[in-house]
Amino acid sequence: MRELHTRLKQLFPLGELTEQRPDLAFVTVPAAFLRPTLLHLRDREGFTHLVLLTAVDWLEEGQFQLTYLLTNRHAATTLGLRVMLPREDARMESIHEVWPTAATYQRELREMFGIDFPGSPRLHEEFILEGWNDIPPYRRDFDTLKYARESYNERPGRETHDPATHMKQKLYPGGA
Amino acid sequence: MKEELLKRVVKGPDGVEFEVEPLRDYYCEAPPAVHPPVYAKIVEDLFNWARSQSIWILGFGTGCGAIEMRPLMTPRFDAYRYGIQWRPTPRQANLLVISGYLSVKTLKRAIRAYEQMQNPKYVVGLGSCTINGGMYWDSYNTIKRLDDYLPVDLYITGCMPRPEALLAGFEDLKKLIRAGKAEGANQYAENFDWYKTNQKRVIHDWDMPDYNW
Amino acid sequence: MNYTPDRSQYPSKKADGTLDIDLTSGKYLKLWQGPNHPGITGNMSVELTVCGDEVVEGKTHVGYLHRGFEKLMERRTFIQCFPIVCRICVPEPDFNEYCYAAAVEDLAGVKSPERADWMRALILEMGRINSYLMYLGGQAGALGLGVVGQWTTYVRDLMLDRFEEMTGARIYHMFILPGGVRDGLPEGFDKRMEETLREIESTMKDVHDVMFRNAVFKKRTVGQGVIDPAWLDQYGITGPNARAAGVPKDVRRDHPYLVYDQLDFEPVIGHDSDIYTRSDVRRRDLLMSVDLIRQILAKMPRSGPLMAEMPSMLHWKIPRGETYVRGECSRGEYGYYLVTDGSGYPRRVNVRGPSYTHAMTLLERMIVNINISDVAALMVSLHTYPPEIER
Numbered sequence: 000m001r002e003l004h005t006r007l008k009q010l011f012p013l014g015e016l017t018e019q020r021p022d023l024a025f026v027t028v029p030a031a032f033l034r035p036t037l038l039h040l041r042d043r044e045g046f047t048h049l050v051l052l053t054a055v056d057w058l059e060e061g062q063f064q065l066t067y068l069l070t071n072r073h074a075a076t077t078l079g080l081r082v083m084l085p086r087e088d089a090r091m092e093s094i095h096e097v098w099p100t101a102a103t104y105q106r107e108l109r110e111m112f113g114i115d116f117p118g119s120p121r122l123h124e125e126f127i128l129e130g131w132n133d134i135p136p137y138r139r140d141f142d143t144l145k146y147a148r149e150s151y152n153e154r155p156g157r158e159t160h161d162p163a164t165h166m167k168q169k170l171y172p173g174g175a
Numbered sequence: 000m001k002e003e004l005l006k007r008v009v010k011g012p013d014g015v016e017f018e019v020e021p022l023r024d025y026y027c028e029a030p031p032a033v034h035p036p037v038y039a040k041i042v043e044d045l046f047n048w049a050r051s052q053s054i055w056i057l058g059f060g061t062g063c064g065a066i067e068m069r070p071l072m073t074p075r076f077d078a079y080r081y082g083i084q085w086r087p088t089p090r091q092a093n094l095l096v097i098s099g100y101l102s103v104k105t106l107k108r109a110i111r112a113y114e115q116m117q118n119p120k121y122v123v124g125l126g127s128c129t130i131n132g133g134m135y136w137d138s139y140n141t142i143k144r145l146d147d148y149l150p151v152d153l154y155i156t157g158c159m160p161r162p163e164a165l166l167a168g169f170e171d172l173k174k175l176i177r178a179g180k181a182e183g184a185n186q187y188a189e190n191f192d193w194y195k196t197n198q199k200r201v202i203h204d205w206d207m208p209d210y211n212w
Numbered sequence: 000m001n002y003t004p005d006r007s008q009y010p011s012k013k014a015d016g017t018l019d020i021d022l023t024s025g026k027y028l029k030l031w032q033g034p035n036h037p038g039i040t041g042n043m044s045v046e047l048t049v050c051g052d053e054v055v056e057g058k059t060h061v062g063y064l065h066r067g068f069e070k071l072m073e074r075r076t077f078i079q080c081f082p083i084v085c086r087i088c089v090p091e092p093d094f095n096e097y098c099y100a101a102a103v104e105d106l107a108g109v110k111s112p113e114r115a116d117w118m119r120a121l122i123l124e125m126g127r128i129n130s131y132l133m134y135l136g137g138q139a140g141a142l143g144l145g146v147v148g149q150w151t152t153y154v155r156d157l158m159l160d161r162f163e164e165m166t167g168a169r170i171y172h173m174f175i176l177p178g179g180v181r182d183g184l185p186e187g188f189d190k191r192m193e194e195t196l197r198e199i200e201s202t203m204k205d206v207h208d209v210m211f212r213n214a215v216f217k218k219r220t221v222g223q224g225v226i227d228p229a230w231l232d233q234y235g236i237t238g239p240n241a242r243a244a245g246v247p248k249d250v251r252r253d254h255p256y257l258v259y260d261q262l263d264f265e266p267v268i269g270h271d272s273d274i275y276t277r278s279d280v281r282r283r284d285l286l287m288s289v290d291l292i293r294q295i296l297a298k299m300p301r302s303g304p305l306m307a308e309m310p311s312m313l314h315w316k317i318p319r320g321e322t323y324v325r326g327e328c329s330r331g332e333y334g335y336y337l338v339t340d341g342s343g344y345p346r347r348v349n350v351r352g353p354s355y356t357h358a359m360t361l362l363e364r365m366i367v368n369i370n371i372s373d374v375a376a377l378m379v380s381l382h383t384y385p386p387e388i389e390r
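These protein sequence lines are chains A, B and C, in that order. Be aware that the first sequence starts at 0, since it is given in numbering that gives the first Met the number 0, and climbs by one per residue. Be aware that the second sequence starts at 0, since it is given in numbering that gives the first Met the number 0, and climbs by one per residue. Be aware that the third sequence starts at 0, since it is given in numbering that gives the first Met the number 0, and climbs by one per residue.
Keep in mind that the hints were calculated from the coordinates and are not lab data. Predicted model, so just to flag it, every value in this text is computed and none were measured. Among these hints, one or two may not hold up.
[Unchecked claim] Coverage of chain C stretches by chain A, computed from C-beta distances (three or more under 8 Å per stretch; other residues unrestricted):
hint : stretch
1    : 284 to 292
2    : 316 to 327
3    : 354 to 360
[What the hints assert, rightly or not] Capping the alpha-carbon separation at 25 Å, the derived lysine-lysine pairs in PhoX-like fashion look like this:
hint : chain 1 : residue 1 : chain 2 : residue 2
4    : C       : Lys26     : B       : Lys6
5    : B       : Lys199    : A       : Lys145
6    : C       : Lys13     : C       : Lys58
7    : C       : Lys26     : B       : Lys10
The beta carbon of each residue, even a glycine, is placed where N, CA and C say it ideally should be.
Start from the sequences and build out the full structure, keeping to the hints where you can.
Next up, the structure:
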């Protein structure tokens, strides 16, 4: 992993390597260098399998993190490329020509996070939701409980306990 | 609204052009009517007995509970011995089993399937998620109370209900039918506007007529 | 045999690669297969455009089972997530439990005890057998061989009984949790398991005779729905779909997890990559799982802890980090991508279900120029389960 990172670093301005396990590491890539890095990894380094493409919403930092997870089956190593995007008007280059299967992931990200991938096929068709009229649901500022309470009637009689306070009351009834 | 549902001019194979308005032309818009019991109680009882002995379930697996339907069709639990069988199309079925959570997208299809079924018809809600949301009580995409949208005759609890529970539930449904208490379809016709208001509140892109059968 | 259909009426391609389909011309018909249709795998649908009886374009529509798990888990603590993850995939729920538990353990720095690892491997293999049994019934049923489904569902029920005595539940076991497993094996489990395995083996002999040596089944599946090995990387194909194309892609062998490095097995591969080979690879894989269960029961330690030392679940916070954990489920590579931010809740969970790629881009590509009556067989042969696509 370290060797691979040193090799890649000579070609692309990569960030520091985060080694989670001996066979799994993550590295940050500037958005403009993502495509050449992916192509290099796919064609020269044997990372031919795109495992997944997903996003993480870092609301407090005002950023979306896109994660491209690639696997080299013969070396049994997995490398995650992180791309940080500004949350406002997020858009990213589409990679559906590199991996046709990425088109589905990009459709989902467009619908669930509102990240735009110009040029990706069938991007604006509804994928999972139908007739959605709120902000994209996987964003952190979307409150699913509030939305559910407003949209659907609840049947009376349902009780919800916060586990921490509930256990405290049960274990220390006096309130110690 | 989808492109194929818009009003358009179609040229037939014989060259004649004619106008098609799918929402009006392809569906019957007449609202459902209440079916009153027949004049004599003894005849109605006979009808109800006959209805209770042939429960034909629409094979529409709307959620995870559908996986326990398969063992019911096979020799070990064998629901067929109780006169229960599965049909592929709503036209041949008289029991709609909502097998678990209903996402809004499936709710639309379930309503259409229900309205296409012929009277007498019944609805069974299966699993705790049809009763009060169950595991998905805070989910933005599943309905919490099935009886807001469809007239439910019976709920079977569990997450998910075992095949034995399903068999017991179907037996209970038979008792309800025989007692003349499974009047869901009539309720639906009586409170048609209320059901439609509820349905349209959660289904945002309503692209079908109010009643389609 | 060499029937070549007349494709002169078929739509031409537009400049952007999409087909130029004029539905008002009367040459084409749009058909929806699903969501309420016997020839569909679960609650999904395929929008087919047909010319004659051949499909010219197919689009997969999913989302009928979307519950928003990835959102729901963000507002549940790590231990509250564990009972809901299994509900992501119904026919084989244990992989969700394992991948979630392993991802949490990886980030929290917990190591599950050895005996728990053996128990996990056992339950995963049992789940794999269940899933394959359902698949074989479905594949035969898609071609009109209903009896195979009756047999396989019956032996699957026997396996569910073993699950029940082990975990207390038939479908959703909620057995594997972060740190270990809930319980050990009940008394006399090995003997009853052996009886069940024998029953499965004898049923598989019958299935082989009735299904794989059936002339109709052969005629309709051999050479049909071929996956080109070159597509494997393009479309992210994993599991039996890849192994039937002759590539021994098996997470159990490539990235050994749990105790698979101590078990003796070789990935099952096929060569023709058609529907018949894919069914056959799954049948042989099932028999391999039977063998693996015997190996696990023979080798597993019978005493020792089942849970690691865990911090208090109520105040459990996991430092910021991200990880990906994978396992080989019956359909291919199942994985969880988990991100934590130092709080008591996951920041983001992403589930990588193998059907995600198989049912969407791959199916849409393969479905073109297939006869309508073969669409169901093709779709089942990719072994897709919609709930893991949309979660």
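Here is what the structure says about each hint:
Coverage of the stretch 284 to 292 of chain C by chain A is violated [criterion: at least 3 residues with CB-CB distance below 8 Å; count 0]. Counting residues of the stretch 316 to 327 of chain C whose beta carbon lies closer than 8 Å to any beta carbon of chain A gives 5, which meets the minimum of three for the stated coverage. Check result for the stretch 354 to 360 of chain C against chain A: holds, 4 residues qualifying (beta carbon to beta carbon below 8 Å, three or more required). Distance hint between Lys26 (chain C) and Lys6 (chain B) is fulfilled; the C-alpha atoms sit about 20 Å from each other, no more than 25 Å.
Note on Lys199 (chain B) and Lys145 (chain A): the hinted pairing holds, with a Cα-Cα distance of about 19 Å set against a maximum of 25 Å. Annotation: proposed proximity of Lys13 (chain C) to Lys58 (chain C) holds, straight-line Cα distance about 17 Å (limit 25 Å). Taking the CA atoms of Lys26 (chain C) and Lys10 (chain B), the gap is near 11 Å; set against the 25 Å cutoff, the hint holds.
Comparing the model with each earlier hint shows a violation of hint 1 alone; every other hint is respected.
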